[in-house]
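Fit chains B, C and D to the supplied structure of chain A, relying on the hints for placement.
There are 4 protein chains.
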Amino acid sequence: MITLKQQVFEANKDLPRYGLVTFTWGNVSAIDRHQGLVVIKPSGVAYDAMTVDDMVVLDTEGNIVDGKWRPSSDTATHLELYRRYPSLGGIVHTHSTHATAWAQAGLSIPALGTTHADYFLGNIPCTRALTQQEVEGEYELNTGKVIIETLAEQNPLHNPGVIVYQHGPFAWGKDAHDAVHNAVVLEEVARIAWIACGINPGLRHIEPYLMKKHFMRKHGPDACYGQK
Amino acid sequence: MITLKQQVFEANKDLPRYGLVTFTWGNVSAIDRHQGLVVIKPSGVAYDAMTVDDMVVLDTEGNIVDGKWRPSSDTATHLELYRRYPSLGGIVHTHSTHATAWAQAGLSIPALGTTHADYFLGNIPCTRALTQQEVEGEYELNTGKVIIETLAEQNPLHNPGVIVYQHGPFAWGKDAHDAVHNAVVLEEVARIAWIACGINPGLRHIEPYLMKKHFMRKHGPDACYGQK
Amino acid sequence: MITLKQQVFEANKDLPRYGLVTFTWGNVSAIDRHQGLVVIKPSGVAYDAMTVDDMVVLDTEGNIVDGKWRPSSDTATHLELYRRYPSLGGIVHTHSTHATAWAQAGLSIPALGTTHADYFLGNIPCTRALTQQEVEGEYELNTGKVIIETLAEQNPLHNPGVIVYQHGPFAWGKDAHDAVHNAVVLEEVARIAWIACGINPGLRHIEPYLMKKHFMRKHGPDACYGQK
Amino acid sequence: MITLKQQVFEANKDLPRYGLVTFTWGNVSAIDRHQGLVVIKPSGVAYDAMTVDDMVVLDTEGNIVDGKWRPSSDTATHLELYRRYPSLGGIVHTHSTHATAWAQAGLSIPALGTTHADYFLGNIPCTRALTQQEVEGEYELNTGKVIIETLAEQNPLHNPGVIVYQHGPFAWGKDAHDAVHNAVVLEEVARIAWIACGINPGLRHIEPYLMKKHFMRKHGPDACYGQK
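Going down the list, the sequences are from chains A, B, C and D. This note's numbering numbers the first residue of the first sequence as 1 and each following residue consecutively. This note's numbering numbers the first residue of the second sequence as 1 and each following residue consecutively. This note's numbering numbers the first residue of the third sequence as 1 and each following residue consecutively. This note's numbering numbers the first residue of the fourth sequence as 1 and each following residue consecutively.
Just so you know, the hints here were simulated from the structure itself, not pulled from any lab data. Check the hints yourself; a few may be wrong.
Chain copies aren't distinguished; within one or between two, either way the pair holds.
[Said to hold, decoys possible] In silico lysine-lysine, DSBU-like type, Cα no more than 30 Å apart, as pairs:
1) Lys13 - Lys174
2) Lys68 - Lys213
3) Lys5 - Lys218
4) Lys5 - Lys212
5) Lys68 - Lys174
6) Lys212 - Lys145
7) Lys68 - Lys218
8) Lys68 - Lys5
9) Lys13 - Lys218
10) Lys68 - Lys145
Because the structure is a prediction, the values reported are computed rather than measured.
Bound conformation, chain A alone (with noise of 0.2 Å):
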């Protein structure tokens, strides 16, 4: 758990210096599937404060194992998300900017380029709009049933990452380092189409053939970007 712990406040970290976080407006988490444990950012801790042990220790109904401090209000969501989708590492959500402009737009953000199809392999999709009973009943745990339903079929690892309507992106990855580096990326690759669908509204999407290329240079099983 210590390893885990360490990992979390690092990738929690690691927000404010990408730019993906204003004051606490995001959080990180990651699950230990041999123990059945996930590690969660507290609520609204300044990030400048934080330290390894403000982190929260929970299992995967919800029930806190060890820490001092609430965990994350959006703790439910990710609960809901590493249920559904074992192979999932890690969790991050914000508010980064370009990011939730698409999501208030509430418009996937489109596959423009190879900057996109590197990481994501499709659009990234954004949510329908919760209904009302939705967000007065169990609002948090509605959100990872929205983005689950969103994803359907697909490999979330194929796509690692939604916008939720009205509200902001989530990514994850294999691990917490994994799942803002996916954020990252995210946050860039909708500003870019901001850009470009400003400079071109009728820009085409890519090229089915070269967003494979791209998404299986770096994830396909002879990946060749990288060393081995």
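For chains B, C and D alone, kept in the frame of chain A given last:
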């Protein structure tokens, strides 16, 4: 007074730190309701040369009680707001880029997402234009009056900021630190709304039930955000 | 001269500090009216390698009086402005992003708010295109002439900057430091105006009485901004 | 080779310093024409962990001569350009934000002002889309070929960069340092053009005589910019 001067000094220094001001284009004040005294930044003094002792202390009618400098030229606006709203403890004025752009556009900043709704329970209103008489008369006092006219019967802590037409934002809070916090939020929310409206000019306001959920999660009697 | 060289050196170093220049794309000069001497940045010297001794001293006809380098390639523009306007003490040229974008758009930067009116009493005009003859002849001198033609009978200290069509901004002031200050304002005002026009293409110019109020509050005979 | 490895290493480190890359999204190479050897960044190695010894040395056919890592996945593109253009000494590829947005928009970056014309003698062209066959075959080699097809008979040092459709910018120069310089210019020019086109969609290209004047002032036989 020493504590309040220190608080106002630090809150003023936070303005350039958060990227809200160019040169001396901003000011923060705070009030001690017990003593009926207001502390405010001196006029036209550079942020990096400013010390605690440069802060100016006034009574709520604007008479200088302590300090070697003239107070901010916007002092009469601050005082009018303190007189009208007993719940205000701190006030900030800046020319932060995106909030000022909305003020120049003459439009209220629409409530489009949860980032907005975490702090503002509704649109951030833009005042009407001041008349020639109002500008040529007691301009700064009249700026305070038009802000009050714009807020009407709203709780100022439920809408902790307004943009003044063709001018820029005023924000406030329960103390100087809180006021600066809300000024940062106002600027970020203005920026996201600009981008979102550019992406989808036909976007919708946030659902009222989602706005209420988020505002109350942070500010309601049963707030679950942060630590008790 | 030592003092003026120091001032011009420091003002040039301020350009990258304020984010106004990429590489060597900018220059500041100042004039000693008593001695009739102008100090200007050398051409194409990197800002971080530059020292006070690299500054070039010229008379107002452009003859080098002191210095080991060639002066800025824009020197003839600076000199023409000093000759025409006795009130100018310092001049700046940059390719700052947003002011340059307005120059490329070929439009004057409209006076839309008090941020603008605190420094510029009216739109920031864009010059006409230079003719082929003017460009192929004494180009830099003709750039100075077209700036003068654009200002016409206006007081240059009431409109301390102009954008040159398809080129970029020139700004000035009572000394080198003041000129850089106005160049920073010009860039920020250009940025806000771009965003404001994007939010509401039908926005209105600032009310003339509000513009006058703000300009005079800072620059009029009864200025109340800052310390006496 | 030690000198060239050092130069390529430093030029690669400049990419994050100038804000041109996120993570490992970029690479710089340089060529020693005498020895016929190319030095390039290794694939997927983080910029802050990279050392001079991580650089990879290849011959112009792509055979590794020295180095412990796999070369950048874009190596075949670099080599094709070196083989075709004897004047090139260094090449850069990035996914810099605004240049990538133009690539996604599928439009050449129009020559709109002197900032552009100081470095590029004409529009910065966008390549055609690669066909499915070209992408599924020798993709990186074909990327080099389509850049060459796009430049056609132009002098590559008179148009030291191109944007590849739905991908991003390639820039070059007489050495690695110069190539990075041009990549910075390309990104800044792309950003200004985006803003300028937003301000005035009906804006005009730079007058040909003004473009020529500026390009020749810096690059012509009688260049008067900088120090001899």
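Results for each hint:
For the identical chains of this complex, Lys13 and Lys174 are neighbours both inside a copy (18 Å) and across copies (28 Å), given an alpha-carbon limit of 30 Å. Proximity of Lys68 and Lys213 under a CA criterion of 30 Å is satisfied inter-copy only: 26 Å between copies versus 47 Å inside one chain copy. In this assembly of identical chains, Lys5 and Lys218 lie within 30 Å of each other by CA distance both inside one copy and across copies; the values are 29 Å within and 26 Å between. Proximity of Lys5 to Lys212 under the C-alpha cut-off of 30 Å is found in neither arrangement, the shortest distances being 36 Å within a copy and 34 Å between copies.
In the homo-oligomer, the alpha carbons of Lys68 and Lys174 lie at most 30 Å apart both inside one protomer (27 Å) and across protomers (28 Å), since each shortest distance falls under that limit. Taking the shortest Cα distances, Lys212 and Lys145 sit within 30 Å of each other both inside one copy (28 Å) and across copies (21 Å). Taking the shortest Cα distances, Lys68 and Lys218 sit within 30 Å of each other only across copies (20 Å), while inside one copy they are farther apart (40 Å). Taking the shortest alpha-carbon separations for Lys68 and Lys5, only the intra-copy value of 14 Å comes in at or below 30 Å, while the best inter-copy value is 34 Å.
For the identical chains of this complex, Lys13 and Lys218 are neighbours both inside a copy (26 Å) and across copies (23 Å), given an alpha-carbon limit of 30 Å. Proximity of Lys68 to Lys145 under the C-alpha cut-off of 30 Å is restricted to the intra-copy arrangement: shortest distance 28 Å within a copy versus 47 Å between copies.
Consistency note: the structure conflicts with earlier hint 4 alone.
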